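Asker: Now for the letters of each chain:
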Amino acid sequence: MMKEELETTNRPDNTAFTQQRLPAWQPMLSAGIVIPGFVLIGLAFIGIGVGLFITSQNITVLEKDYTGVETTSDCYKCSNPSDKNCTCKLEFSLSNLFEGPVFFYYGLSNYFQSQRSYGASKDEYQLSGDLDYFKTPVSACSPYQYDANQKPIVPCGSLANSMFNDTFKLYQIVNGTKKLVPFDGKGIAWWTDYNIKYRNPSVTPLKNAFNGTVKPSFWSKPAYELDTSDPSNNGFVNQDFLVWMRRAALPDFRKLYRRITEGDYASGLPAGNYSLEIAYNYPVLSFGGRKKVVFSNVSWMGGKNQFLGIAYLVVGSLCVVMSMVMLIVYAKFKFPEDD
Amino acid sequence: MLRRRLNRLFGRDERRVDSRTIYVGHRPCPATDAFIPPKFCDNRIVSSKYTVWNFLPKNLFEQFRRIANFYFLIIFLVQVIVDTPTSPVTSGLPLFFVITVTAIKQGYEDWLRHKADNEVNKYLVTVLEDGRRARKESEKIKVGDVVEVVEDETFPCDLILLQSSREDETCFVTTASLDGESNHKTHYTVPDTEKGLESLSATVECEQPQPDLYKFVGRMHIYKNDQEPAVRSLGPENLLLKGATLKNTQKIYGVAVYSGMETKMALNYQGKSQKRSVVEKSINAFLLVYLCILVSKALVCTTLKYVWQSQPGQEEPWYNQKTQKEKDANLYLNMFTDFLSFMVLFNFIIPVSMYVTVEMQKFLGSFFISWDKDFFDPEIQEGALVNTSDLNEELGQVEYVFTDKTGTLTQNSMEFIECCIDGFQYKNRDSSTELDGFCVTDGPVSMLQQKAGREEEELFLRALCLCHTVQVKESTGQEDGVGDQVDGVLGLDGEMVHPAELRGFIASSPDEVALVKGAMKYGFTFLGMESKNMRVMNRDKDVETYELLHVLNFDPVRRRMSVIVRSKCGDIMLFCKGADSSIFPRVRQEEVDRIRMHVERNATEGYRTLCVAYKLLSSEEYAQADAGLREARLALDDREAKLMAVYNQVETGMSLIGATAVEDRLQEEAAETMEALQRAGMKVWVLTGDKMETAKSTCYACRLFQRGTELLELTVRTLEDGGRRREERLHEVLLDYHKRSWTSAKQDYGFIIDGATLSLLFNSSPDSSHYKSLFLQICQNCTTVLCCRMAPLQKAQIVNMVKNSKGSPITLSIGDGANDVSMILEAHIGIGIKGKEGRQAVRNSDYAIPKLKHLKKLLLGHGHLYYVRIAHLVQYFFYKNLCFILPQFLYQFFCGSSQQPLYDAAYLTMYNICFTSMPILAYSLLEQHICMEVLMSNATLYRDVAKNAMLRWSPFLYWTLLGVYQGLLFFFGVRFLFSNPALQDNGQVFGNWSYGTIVFTVLVFTVTLKLAMDTRHWTWINHFVIWGSLAFYMFFSFFWGGIIWPFLRQQRLYFVFANMLRSVSAWLVIILLVLLSLLPEILLLVLRKPRWPHSRQKKPLVQSGEGETQSSARPLLMRTFSDESNTIL
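As they're listed, the protein sequences go chains G and D.
Every letter in the first sequence is one number past the one before it in UniProt numbering, and letter 227, counting from 1, is 227.
Every letter in the second sequence is one number past the one before it in UniProt numbering, and letter 784, counting from 1, is 784.
Each hint should be verified, as a subset may be incorrect.
To be verified - No farther apart than 30 Å at their CA atoms in a straight line, the calculated lysine-lysine pairs in the BS3-like style are these:
{"#": "1", "chain 1": "D", "residue 1": "LYS325", "chain 2": "G", "residue 2": "LYS151"}
{"#": "2", "chain 1": "D", "residue 1": "LYS322", "chain 2": "G", "residue 2": "LYS292"}
{"#": "3", "chain 1": "D", "residue 1": "LYS325", "chain 2": "G", "residue 2": "LYS215"}
{"#": "4", "chain 1": "G", "residue 1": "LYS207", "chain 2": "G", "residue 2": "LYS135"}
{"#": "5", "chain 1": "D", "residue 1": "LYS281", "chain 2": "D", "residue 2": "LYS947"}
{"#": "6", "chain 1": "D", "residue 1": "LYS327", "chain 2": "G", "residue 2": "LYS84"}
{"#": "7", "chain 1": "D", "residue 1": "LYS142", "chain 2": "G", "residue 2": "LYS151"}
{"#": "8", "chain 1": "G", "residue 1": "LYS84", "chain 2": "D", "residue 2": "LYS803"}
{"#": "9", "chain 1": "G", "residue 1": "LYS215", "chain 2": "D", "residue 2": "LYS322"}
{"#": "10", "chain 1": "D", "residue 1": "LYS615", "chain 2": "G", "residue 2": "LYS135"}
{"#": "11", "chain 1": "D", "residue 1": "LYS541", "chain 2": "D", "residue 2": "LYS615"}
{"#": "12", "chain 1": "G", "residue 1": "LYS332", "chain 2": "G", "residue 2": "LYS178"}
{"#": "13", "chain 1": "D", "residue 1": "LYS251", "chain 2": "G", "residue 2": "LYS151"}
{"#": "14", "chain 1": "D", "residue 1": "LYS691", "chain 2": "D", "residue 2": "LYS541"}
{"#": "15", "chain 1": "D", "residue 1": "LYS115", "chain 2": "D", "residue 2": "LYS105"}
{"#": "16", "chain 1": "G", "residue 1": "LYS215", "chain 2": "D", "residue 2": "LYS615"}
{"#": "17", "chain 1": "D", "residue 1": "LYS322", "chain 2": "G", "residue 2": "LYS221"}
{"#": "18", "chain 1": "D", "residue 1": "LYS142", "chain 2": "D", "residue 2": "LYS251"}
{"#": "19", "chain 1": "G", "residue 1": "LYS89", "chain 2": "G", "residue 2": "LYS304"}
{"#": "20", "chain 1": "D", "residue 1": "LYS327", "chain 2": "G", "residue 2": "LYS135"}
{"#": "21", "chain 1": "D", "residue 1": "LYS142", "chain 2": "D", "residue 2": "LYS224"}
Hints in this document: simulated from the structure, not taken from any laboratory.
These figures come from a predicted structure and were not determined experimentally.
If we strip away everything but chain D, and leave its shape as in the complex, we get:
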């Protein structure tokens, strides 16, 4: 901790320098006169929190920082120091137990971390030292060392790749352990460093460590004999991250740039901020109330004591005289210690065990989610994943669902549907044999009415084949890679009927794979890269090679990507593909007109559309672009902005050659799931980066929008209608929509907003909050809100805005990709889908499920049950401790306010630990007040528990009153019985411990039977613990009072319990009081509206509603999807 803080301080100092300089191999460079080896941290990874020496103090310190533990520690200390009614053991024992268990658990976890750290830190690596290879422990690597890594090893620190055993100066790595993406990524060596590592004299200048895995900026100066140093730019493609694994490459050499805790992996290791559930907040609020009750009880008793003592004769009756010490003590000090004693006496009202039980319930309860076989997806062989168990109950409280579209509502398994070349539509009929036929006959691809010229066709297909970053997958079986194997197959001329089946493509986005596959169907096959040459097989089975000059990467702001290639004949071409909105302004208008119609039609059908453009570069143009790109890439600061500028400059004046339509299938049961969520009272917001038309049609397909839904659009287009300033128009439209959505309650409204308008809404400074509240109010009246064209950060902004709106509703975000991480982290509950876009969403989520359809069971089933369980648990805990302590309080009026405990110390200690803990734990794990199937089929039941219904103040008041009622009953019932303490048929009398034991017996039976009455789902475990607890109480009491315990000073319960059982009156009073305590509950239970008939009636209604909505789905989306499985990976 301290070290990290120091590092951070130190780092801040360094950051002023902004970059660090590393001497490769620690060799001084000619340029620097005085070589001062810079100091960096060592390569030790410390993820453990404790050492053997500091474990005890540090762990205790951390544990007592929790407010509850601290409270109990204080109580314990008061008991030790002040003369209190109960021995310190009564509160010390439970506290000790809790602390010990937690310490053991944390110690064990830390031991595991130590082991893992050691494994990493002691791992032997090879380091080049003065030309010799030396084996070193990983932790001894220093920044500047040249490290050798062989295949399948993980990198010991962040390295700049200097030399690779592969001919093309690349290496492959997989970052599965970093971000979960298992595909192979290509990294490149720094040019000019390949030869002679021993004599290489170079410095690396790079930015200070920062956690972004995908960003790295640096520069390398290579000094050769007496020459000007050569400067090479370094980017993330040169950086090998600690934790990644070398694949398909025999060995590499790299220079360490970041080590130990400064590696990107370590910087990313910091845990995410902890989310707290609403229930926890409720608990804290209730706790405060109980604390007030506790303090006021203690105050009342202290006051009473001194008032009572001031009466004549009561201060110090002759039979109970004070000691000299007591007489000498200061009055106010006495008052204070009395107050503390009362606090101690009543402290059981806030039980330690509640925290333990809640924690246990959450921890154990979460297993039911990961155990649920309904969440198991046979395709990925995985079930649900629970990353945090703190939020189980929050799943039953969701009011807003924010969902990503791609990969979440839709499958993100893309299929090439059709394309449009030069304004002519080409549609691919499903059957692939038919398609092959077209290919073989050398005809154009299947064509509807007319076709474009062959040249345009081929140009378009070439563009599809070249403009991407797809890799051909190398088979794991063969050492040399499949590239050769594929070549071999293709080598059999004319036999490559199904090359597609032999080929696997790897790409960061499934769209690209779909496009390459689409091109392949039409006869152009991408064969892969061969040292910067892209090889494409055309329709005539000739292999064309293109030299890949530059890749202008895709980014979500530009929404397009380009490649610059040089063909065999020397033509330099730029191919660009991207969203229509980003391409159209950069091409000629008449081309746009021809294609726009197709694009829009495709978009409304729910396809993802991309436009493809092309540009022939003259050599001068290229030279200029090349220089610009290189310069920008070398820039150390603002590299991205500079690159962007160059990109924008290059990607102009293109000509549009066509557009593609790719279908993204809906997830299984997406519509049913969304419908169920809406019926459960949740508002579904779709946040997508996709364009409005596509997103809208997905919403229709998911039945989020229905035929009757009136759509309120607030997009750049609507704002530009009036021709006035956008802000004015925005205000006007907002007011209009606001009025409309608030006037007619019956109409379903859907709201559509796009990213640009949203930023206008957020950023128009003076009226921003006014607009926001208008916007929120509109949204609250809409069943569905669709936000399209959103940047990841905007998604989080939206979530944040709703989260902090009035009533602070519970939000849930669900997504599958890296662009959803921000909203997953922002929402109360983040759910990751184990989809195809890597694992980042899953890693950052609280729960991960394989498919969207599982959300229904997770929320309506598990969430509802968890909420009911924990809410009942919390209320019950407060209740049972109130009626436990209330008689104790009342007894103070009958013992001269002298802090005389009513119950024996053993009962005080065991009440919460043994006698009443197991039934409620079993209840809170197993209860199904309504069984899972009914909850699932009747989504409206979810509304019953909405808005924290069971933990609001009114149910809390109810439980509190119940506790007060029962506590009063217990005490005064026995008090009236004791108006004549001769309760046995032999005339002997009962004393104070008999009194307490009778009250305690009534108490244990009442609270246990109260729980039994609330239990709607009696499994054998419930039977076992409920009846078992009562039996245990009886057994324990017998045992405790049946033996003279040698370790006890006072045998005050000796035979008290047995004598109590001998008295008929005691039996009768116990039965009477238990029944009378439960009577109001039974009455309420009977008179309350029974749930069952209610839900049974609802069912047919719901089913008919389902049929209705089904028909309202738009017919075009009722297409049957082909069963052909796209195995991409």
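Excised from the complex, chain G in its bound form:
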């Protein structure tokens, strides 16, 4: 009796887990699996790669630098930072239809939106409409926290202050007359940004919420007057503002400015001469930056990007080549041993 009891208490449990005998799948990568696998993966990648490449090839892109570094450029006259309210023109012609919908981007280079102190210089509570933070913005906004008169800046911080403020108007020259190409300024920012993440204070009119605050020093208009045509596109949910506030990852970046989706241009920009009128406000030469505009249409994969297609093609063919090499190696050395 005693002995049996002892045995039951001391004897280790005989379960699959304690004895390390859990049923297990023991995969072995053998040539029989790997070589066909590689061929399949390779072919699939080549297929995707071809698709991507062709798609990317079909995307039309028109890029124009308008910094005004070259003296020949019309914008050269505006590149002097002391010159306010300067307007310049950029003219180009299209020989074919630029298929729509056309997306109009502005691009900046050597511009480090990804700097930490820059990115941190904003007040998220303020931007979500908290009126307490209208009076006392967080210190992270410094040196754009208060103006010289100790009035709070709304929206505060370097990020908001440096918002891109060049404006563009595109005209098609039809028989010597300028025909305005309508721009659509909606749907250029993330839907969640202007519906959930950023909120205006629930004060009507919006202007009253900004009493006792000042606009950022770089801005020409206060936040509640950013879009005079559409009152709901003002304040912190102004889409131009939101596009700017989503920081770019790399120093050379482009941001969506407008879409061309309306009227005669819904199917694209027809062939012809165009003139882009630029209100040149944004200084970039002081830090060696460049400004450009980009017209582009997009596909299911987004904007034009040759990288993905080429990478898929290379990796796919690499897989196929590898499988061939392996086949040769195995045929020579390994197969007899496997039997």
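The hints should help you fit chain D onto chain G, whose structure is shown.
Answerer: What follows is chain D alone, placed relative to chain G:
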């Protein structure tokens, strides 16, 4: 701690006095004029480390003394103080978690200790105070108190036994809780103190507390009215140790001599020094490399930042102007804080969680050893025991195995095989009935050719019956002890056909039991002790009594023991038994010649031989010896040396009467185990105290030596051959062997050395290191080394020498007895066998197993797997953090070196804790890249991981390069994708957090799939954690980006992940990069030599090899052992 240190200081002061004086019952003694009660520490046992008040500071202090914790604390503090890119939470949270868990664990353990301490300290004991019995809490006992202890109680402190309720002034104790020996030990009262404890006036003078359980020297002065004080010597037999339990004795009185933390138990409590595994050293080395990477990354970034800023327009572009405070700050201070910020940003490269995971892996992994039912021994009802989990992986790295012979290779269950009386051989045929027949017919014991005279026979058998320290076991069932019961049975005249079955013997050494049992088979039965009288029943069923006058105890230096007895007729006789080498010089030469042949033959057959000698003492001789012994026993200092001198003096001029041969059976599967170890590339050294011939034959039996093995002997005998000085000869022989062992590679060599030569090797001062290195080089070319006649300390010396030799190989010591403790402690891994020689080896070991045969699975199975698991764990951890942080580093080139984190804080924190921790933990617990059976049956696989193969610099470099490759791929793959950030079909662009999230997604998938590829053993748990982790990552990212979190200031990941999933390009780039990262691994995996066919081919070869070696075992050792079970205990 402080108290102990103070005590030690104080103790050192005291030690100058060398002894302490204790006044029994605190009564001043006539001899001392001024009675100053001496101060000793109280009887409180404090094993706990903390109190409620000091727990927090002390525990935190101890935890932050660990270098890793301290490092993370520094990082955390930097984050708190300096404006850093990541919030302090990212590193504070994991650190807090680790610290809290550890603190809770240690707090709980300490609470348990407090409870145990309290139980001991508050235990009520009875103390005699001025003649009254008073109940006191145990902690209030003072040195000098007279304490009463009743049966089955444990002693509250170290006591000198004054009075016992037993008539023979002895008491029995068991020290099971001290050294694990469960047999009853007899302790004796001090003479002359029995009567009148109340009025006893005595002082005890004894040595200062010291931890040796078996040593005690003291003296007691007993003052009687106006007489000269009587002096009595005190030895360990008078001392009752705290922690031991009183048995078979109703009650005793004793005076407290050592109390509290000065008791021998408390002094022995100090933990043994911690062994560190090689893997830990590798981790530290790798850590250093990563620390260098970390610092250099931070330096590069800081430099770049300032170089970049010095370009025109970049110092302070108009869109990102500095605050006034930043402008005012000192440039160098700015540089320094920038450096610290970069350190913080990249600190995740050395993860806190690695330490936690490694600890968890070790702790949880060790359960598999104690759970293994293959280690369960039905005989002792126990399985394997894991005393430390720190060394699991070391079991897979063993290069040298040092094994004890007796009890380890052999069973230490002795059987009396034959004896030789006066040169005639007596052999006991197996069957016991036959033997009984001989006994009944009163004939001599079974005899081969001739027999010795009856008188010699009987003298020899009496000697066997008397010369020992065996006790007759008292049955637990009956109060009065079995002594009576046995007598009763024997009382039925003529009926004692099987007295052996009713009798249990207890002895410290199984040889003695075997000898007493052997004598019993031949008709002389030892009945037990009755107050200093040994009772022996002779062949005529008459009971002879002998008064036991002295026992000259066995010790390993003398290698013999003696008793002096007085027979009924007044003859005083000395019986001595011991090793041939220690007996032969002390007897007449012509006797030796007659017996030597038998002894040597027995020894070569693998038996343990003992010679028995005897001497008749005249009364003058006895008186002289008696006086000498008493004097030596009373000596306070150098008692042992003095005793030894007297022993040597008494044990001379004896006459040899015979020799015995006792067989020590091989352990189950000893040979198979040893063979497997050798095939696994381990070198087996046998270290034994036994004599060369016996040890050699055991080695043959275990197939350590084989027929083809050429033996190189280096013993006293070989050295004395030349007739020259030993040292010269030693040098010559060493050189010769060295040449031989290095020239022919094919020959198997075995090396034999004995203790005396070894000490010559170690101690010949000028050339010692030269000899040592010669010796080591010879040994390295030998498959087996046998060191015989070793003292325990020499065993440790050998282990130490090999341990510290070139390449510092991993050593393992395995043994079962107290004499193996030193080598068990010395070796990297100490393994105890739960054998018959007490529990000391087990207590001091790192792992304990019931049988030698379990060593094979422990090393080849568990050890190999643990090593592979933890090595992979370590490499993988470094790898995954390298490719985690490398993109972060690269991103600094694209954000103006502004410490902008690439990943969100949640990802930074959760990466190591949640997303990638479980799969590797499951892998490191469950992986069996080769299943256990194959590992066991194919011992050569062990060589694959030998010499830390998976944690050397080249695999580390491989993993590092892999990490770098993947990190580069992750970053630049996404970077090229982001050359046009419009990645959605609605033309909208992605920002920096999308960039980081794509990289992070690729990263999590790649490192998890990399582990999946390395997993060879997919149990449901692996499936669950690997796919579960990925699913959790997806779920978490959705959740984290799907809600506006009220406690977060910045909702920077809001809908980033969901938008990423909406973009086809992001999907495609993730798939592409994951595949491309794993591609080289897949190729390597396929092109590398596949393991399976390889091992399958090896198998038949190995089997044939096994057959070969089996036949090479010497035929004489192929005897079948009788199945008769010897139940001794």
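Asker: Hints first: check each against the structure and report whether it holds.
Answerer: Verification of the supplied hints:
Annotation: proposed proximity of LYS325 of chain D to LYS151 of chain G holds, straight-line Cα distance about 19 Å (limit 30 Å). Simply put, LYS322 of chain D and LYS292 of chain G have alpha-carbon atoms about 27 Å apart, close enough for the 30 Å limit, and the pair holds. Of the pairs offered as hints, the one joining LYS325 of chain D and LYS215 of chain G holds, with about 23 Å between alpha carbons and a cut-off of 30 Å not exceeded. Of the pairs offered as hints, the one joining LYS207 of chain G and LYS135 of chain G holds, with about 15 Å between alpha carbons and a cut-off of 30 Å not exceeded.
Between LYS281 of chain D and LYS947 of chain D the alpha-carbon distance is near 13 Å, which keeps this suggested pair within the 30 Å criterion. Note on LYS327 of chain D and LYS84 of chain G: the hinted pairing holds, with a Cα-Cα distance of about 29 Å set against a maximum of 30 Å. With a CA separation close to 79 Å, the supplied pair LYS142 of chain D and LYS151 of chain G exceeds the 30 Å bound. Straight-line distance between C-alpha atoms of LYS84 of chain G and LYS803 of chain D comes to about 83 Å, which puts the hinted pair past the 30 Å bound.
A hinted pair counts as satisfied when its Cα atoms are at most 30 Å apart, and LYS215 of chain G with LYS322 of chain D qualifies at roughly 19 Å. Restraint check: the Cα-Cα separation between LYS615 of chain D and LYS135 of chain G comes to about 111 Å, which exceeds 30 Å; the hinted pair is violated. Between LYS541 of chain D and LYS615 of chain D the alpha-carbon distance is near 25 Å, which keeps this suggested pair within the 30 Å criterion. The straight-line distance between the Cα atoms of LYS332 of chain G and LYS178 of chain G is roughly 74 Å, outside the 30 Å bound, and the hint therefore fails.
Taking the CA atoms of LYS251 of chain D and LYS151 of chain G, the gap is about 92 Å. The hint is violated against a cut of 30 Å. For the hint linking LYS691 of chain D to LYS541 of chain D, the alpha-carbon distance of about 37 Å lies beyond 30 Å, and the restraint is violated. Of the supplied pair hints, the one linking LYS115 of chain D and LYS105 of chain D holds, its CA atoms being roughly 15 Å apart against a limit of 30 Å. Between LYS215 of chain G and LYS615 of chain D the CA atoms are separated by roughly 118 Å; this puts the pair beyond 30 Å, and the hint is violated.
Straight-line distance between C-alpha atoms of LYS322 of chain D and LYS221 of chain G comes to about 24 Å, which keeps the hinted pair within the 30 Å bound. Proximity of LYS142 of chain D to LYS251 of chain D is assessed by CA-CA distance (about 20 Å); at most 30 Å being required, the pair is judged to hold. For a cut-off of 30 Å, the pair hint linking LYS89 of chain G to LYS304 of chain G stands: about 26 Å separates their Cα positions. Of the pairs offered as hints, the one joining LYS327 of chain D and LYS135 of chain G holds, with about 26 Å between alpha carbons and a cut-off of 30 Å not exceeded.
For a cut-off of 30 Å, the pair hint linking LYS142 of chain D to LYS224 of chain D stands: about 24 Å separates their Cα positions.
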